[in-house]
Amino acid sequence: MAGLAKLSEQIVDCQRRKVEQLCVAGKRANSAVGGLVKKCQQLQLRNCRDGGLDLSRQIEEMKRRGDELNKSLADAHKDVAKLTVAKKNVVQYADILLDNKKFILAAMKEERKKARAKLMQVHLRRRFLEKRPIHHR
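Numbering that gives the first Met the number 0 puts the first residue of the sequence shown at 0, with every later residue one more than the last.
For the record, the hints were derived by calculation from the structure and aren't laboratory data. It is possible that part of the hints are untrue.
To be verified - Lysine-lysine pairs mimicking DSS-like chemistry, simulated, CA-CA at most 25 angstroms apart:
1) Lys87 to Lys101
2) Lys81 to Lys70
3) Lys86 to Lys100
4) Lys130 to Lys117
5) Lys100 to Lys81
6) Lys112 to Lys101
7) Lys17 to Lys5
8) Lys101 to Lys113
9) Lys77 to Lys62
10) Lys87 to Lys108
11) Lys87 to Lys77
12) Lys26 to Lys37
13) Lys38 to Lys26
14) Lys101 to Lys86
For clarity, every value in this text was computed on a predicted model and none was experimentally measured.
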């Protein structure tokens, strides 16, 4: 029986050592898990910080693009205003040219009438002179 008690004591002692080893391994595993959790938290913080920096860069880029678009829009409005003024000037110039053309056409018509009248007068005088008898001396 003493051998049985000794064997039983050895089994209990062996199991106690195994339990102690398992406890140590569990503590190590818990420590490793804690370290992993800390690393994960650090990575999340870093990712959040990097993501925040990236978002702020994107926001700045969008603001810059918005400013550029506003400037382009203002320039386009200025160009439209200039073109509107230029169009008004062209219309006024065209009206003046049209008036000048009408005046020139009227003057040409009047000159043609005068020239026709002179031509008719010359023609009539020639006919009159042709029909008139020549007096001999």
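The hints, checked one at a time:
no., hint, verdict
1, Lys87 to Lys101, "21 angstroms, holds"
2, Lys81 to Lys70, "16 angstroms, holds"
3, Lys86 to Lys100, "21 angstroms, holds"
4, Lys130 to Lys117, "20 angstroms, holds"
5, Lys100 to Lys81, "28 angstroms, violated"
6, Lys112 to Lys101, "16 angstroms, holds"
7, Lys17 to Lys5, "18 angstroms, holds"
8, Lys101 to Lys113, "18 angstroms, holds"
9, Lys77 to Lys62, "22 angstroms, holds"
10, Lys87 to Lys108, "31 angstroms, violated"
11, Lys87 to Lys77, "15 angstroms, holds"
12, Lys26 to Lys37, "16 angstroms, holds"
13, Lys38 to Lys26, "18 angstroms, holds"
14, Lys101 to Lys86, "22 angstroms, holds"
Of the numbered hints given earlier, the model fails hints 5, 10; all others are met.
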